[in-house]
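> Sequence:
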Amino acid sequence: MSELSDTIFELIVSGQYDGGEKLNEVELANRLGVSRTPIREALKTLANTGVVVIEKNKGARVNAYSPESVEAAYSARSLLEPAAARLAMDYLSADDLTELRVSAETMYGMVTGSATVADIALVNNEFHTSILSRCPNRRMAEMSLGMLKPMVASRTFGNYTPAELVRSALHHLEIVDALKHKDGEWVEAIMRSHIRCGYHSALKTVESPAAN
342 MSELSDTIFE LIVSGQYDGG EKLNEVELAN RLGVSRTPIR EALKTLANTG
392 VVVIEKNKGA RVNAYSPESV EAAYSARSLL EPAAARLAMD YLSADDLTEL
442 RVSAETMYGM VTGSATVADI ALVNNEFHTS ILSRCPNRRM AEMSLGMLKP
492 MVASRTFGNY TPAELVRSAL HHLEIVDALK HKDGEWVEAI MRSHIRCGYH
542 SALKTVESPA AN
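Numbering (this note's numbering), first residue to last: 342 to 553.
Please note that the accuracy of each hint is not assured.
[Unchecked claim] Cross-link-like lysine-lysine pairs, in silico, DSS-like; alpha carbons within 27 Å at most:
| no. | residue 1 | residue 2 |
| --- | --- | --- |
| 1 | K521 | K363 |
| 2 | K385 | K399 |
| 3 | K385 | K397 |
| 4 | K385 | K363 |
| 5 | K399 | K363 |
| 6 | K363 | K397 |
The set of hints was computed from the structure by calculation and includes no laboratory data.
A quick note: this is a predicted structure, and the numbers were derived from the prediction, not measured.
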């Protein structure tokens, strides 16, 4: 995504805009100190990833998710992202693995400390994005990222229990171990388990009356 669309994405993840809320181009332009044209282009970019929805004569709004749409997204993601991670395994350098380890340890420190859900979500997104960026099948990587970002933007971490947050962080540490050992079966298994656990935690968010 562009730098501007990344900024709007982070505003959504941080809770500045809720699911279903309208994204006013003028307000965003004033807030970010740019004209409406780049804002409009950034919103189109976010629409392409499913983070926002643009409707004719209504403008853009943050995507809101039903239990059915969350199930569909996680089902597809649990098939595609583990395979993409396995392909990425052979293209991760020693420096890449070190950075992933630092990211995983940082997330563990955050979930056992006092970090905000928004900050945890951003670190989670960066971890998965870093792995997918090394997948040699660019189409597979792009499709995986397209399913990841909307789930991050939906702030599903908001309804995770403390134990579920710790489990998610421990999965990240194990994913790094599997990648370091270049064990493709292990990489796929732990990544799929991680995503399926995330699905059941995310489902509580869209089913909860207080989710938004």
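> Each hint: holds or not?
Each hint, compared with the structure:
no. : hint          : verdict
1   : K521 <-> K363 : violated (43 Å)
2   : K385 <-> K399 : holds (14 Å)
3   : K385 <-> K397 : holds (12 Å)
4   : K385 <-> K363 : holds (14 Å)
5   : K399 <-> K363 : holds (9 Å)
6   : K363 <-> K397 : holds (13 Å)
The structure does not agree with numbered hint 1 stated previously, though it agrees with all others.
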